[in-house]
Structure formats: structure tokens, C-alpha cells
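Trainee: Sequence:
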Amino acid sequence: MQQSNRIILTDVDGVLLEWENHFTKWMISRGYKLKDNFVSEYNMQKRFEDHNLNIKTEIREFNKSAWMGTQPPMPESQTWVKLLHAEGWTFIPITSQTSDKPAQELRKRRLGELFGEQVFSNYHILGTGADKDSALAEFHNTGLYWVEDKPKNALAGLNYGLKVLLYDRPYNRDFNHPDITRVNNWKQIHEMLVK
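Everything in the sequence shown is counted per the numbering used here, starting at 1 for the first residue and increasing by one.
No lab work stands behind these hints: they were computed from the structure. Keep in mind that a hint or two might mislead.
Simulated crosslink set (DSS-like; lysine-lysine; CA at most 30 Å straight-line) [unchecked claim]:
#1 LYS64 <-> LYS46
#2 LYS82 <-> LYS56
#3 LYS152 <-> LYS46
#4 LYS46 <-> LYS33
#5 LYS35 <-> LYS64
#6 LYS152 <-> LYS35
#7 LYS82 <-> LYS35
#8 LYS195 <-> LYS82
#9 LYS163 <-> LYS82
#10 LYS101 <-> LYS152
#11 LYS187 <-> LYS108
#12 LYS108 <-> LYS64
#13 LYS64 <-> LYS152
#14 LYS152 <-> LYS108
#15 LYS152 <-> LYS82
#16 LYS108 <-> LYS25
#17 LYS25 <-> LYS152
#18 LYS187 <-> LYS35
#19 LYS46 <-> LYS35
Let the hints inform the model, and build the full structure from the sequences given.
Mentor: Set out below in C-alpha cells:
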């Protein structure tokens, strides 16, 4: 592969950084209670007992909070992302975090702390829950890799001619597509790219 194509487009939450459990801890710290029988799933509203909870508002607050500066990495992601970078790969994050500029800077700083300042370039940080189509459209028909955990955004990448790798999570296991490759972790991604 040519050096200019050694670019990986990547989501952040649920792919590079652990979001789900971190958000749950934040909610508990604010007095919310988990349902006894909650199952790991993408819809956070279903996790908590309060039926009047406006989960979108809570997620927006969390995504612009100081907790963005303490998100842990996904298991073993640091090892393999750093290795890929050492082997000449650059990562372009495309994340629907927040439109809050200080929180965006906190996200960039956290990624730099965990993975290295030079690993990421050309950040695309969109509003909370925003579709990623506009960012992905910039890479239309480039054939770059796109690592994502949300099926809707994986399909968007496919529509823009990207090579989509769906990062396996409990909430996306009911989704399958013949042109989307499911991956379990960054080690598996590394193995695919060095073949």
C-alpha cells in the first residue's frame, strides 16, 4: 500500500475510548440508579430507573464534562494503535462528541495522552449524536479504512466507498452486512493490515 493511503478513519467512543461504562459511572455519581436487570445496549435510557430522564440532555452534559479527560482506552487499543502508527499509519478521528470547543480540546488532549500526540490528525469532532455523513463525504471513494461501532455510521461509510470495519460491541451483534467486516479489537485490525 502506498504511504499516502496509510490512513485509518476511526470513531472514538466505543472504538478507541471506553464510553459506555464511563457514562454509567458518571450517571451513578449524580444519583441515578441502574435498573436491576439492565443489559448492555446502545440505548442508555433503558439502563436507568428514572422514566422521566432526558437521556439526550444527560449525554450532551457528559460529553462536554471534565470526565472526557479521564476516559479509559478500549482494552489493548493503545498497544496496537501505537504499533500501527509506528508502522506508518495515521489516524483521523471522526466523533460525534460535542460542539463545545473546550470539551473538544479535552478530547484531543486525552487521545494524545493515551496514544501519542502525533498519532491523530485532521480531527472531525461533531455535535453530540450527529450523523457522520458530512465528515465521511470528504473521503468519498478513497477506499480508506473506517472503524466504527454504530451500524448506521458503518453503513454511511460503505455508501462513501470506504472499507468498513465494524468494531464488535454487544449492542451491534444483531447487525450483519456482507460488505462490512466485523473486528473484535485493534489487534485483529493490525493483523488484517499487515497481511
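Trainee: If a hint holds in the structure, say so; if it does not, say that too.
Mentor: Here is how each hint holds up against the structure:
Between LYS64 and LYS46 the CA atoms are separated by roughly 22 Å; this keeps the pair inside 30 Å, and the hint holds. Pair hint LYS82 plus LYS56 does not hold up; C-alpha atoms about 33 Å apart against a cutoff of 30 Å. Using a Cα cut-off of 30 Å, the hinted pair LYS152 and LYS46 holds, with the two alpha carbons roughly 20 Å apart. Distance restraint check for LYS46 and LYS33: the Cα-Cα separation of roughly 11 Å lies within the 30 Å cut-off, and the hinted pair is therefore satisfied.
At most 30 Å may separate the alpha-carbon atoms for a hinted pair to count; LYS35 and LYS64 meet this at roughly 25 Å. As the CA atoms of LYS152 and LYS35 are separated by approximately 27 Å, the hinted pair is consistent with the 30 Å bound. Using a Cα cut-off of 30 Å, the hinted pair LYS82 and LYS35 is violated, with the two alpha carbons roughly 38 Å apart. Distance restraint check for LYS195 and LYS82: the Cα-Cα separation of roughly 18 Å lies within the 30 Å cut-off, and the hinted pair is therefore satisfied.
Among the hinted pairs, LYS163 with LYS82 is consistent with the structure: their alpha-carbon atoms are about 21 Å apart, no more than 30 Å. A C-alpha spacing of about 26 Å is found between LYS101 and LYS152, which places the hinted pair at or below 30 Å, so the restraint holds. The hinted pair formed by LYS187 and LYS108 meets the criterion: a straight-line CA distance of about 23 Å does not exceed 30 Å. Proposed proximity of LYS108 and LYS64 is supported: the alpha carbons are some 13 Å apart, at most 30 Å.
For the hint linking LYS64 to LYS152, the alpha-carbon distance of about 23 Å falls within 30 Å, and the restraint holds. Simply put, LYS152 and LYS108 have alpha-carbon atoms about 24 Å apart, close enough for the 30 Å limit, and the pair holds. At most 30 Å may separate the alpha-carbon atoms for a hinted pair to count; LYS152 and LYS82 meet this at roughly 28 Å. Taking the CA atoms of LYS108 and LYS25, the gap is near 22 Å; set against the 30 Å cutoff, the hint holds.
At most 30 Å may separate the alpha-carbon atoms for a hinted pair to count; LYS25 and LYS152 meet this at roughly 26 Å. A C-alpha spacing of about 34 Å is found between LYS187 and LYS35, which places the hinted pair above 30 Å, so the restraint is violated. Our distance criterion of 30 Å between C-alpha atoms is met by LYS46 and LYS35, whose separation comes to about 8 Å.
Hint compliance for this structure: hints 2, 7, 18 are broken, all remaining hints hold.
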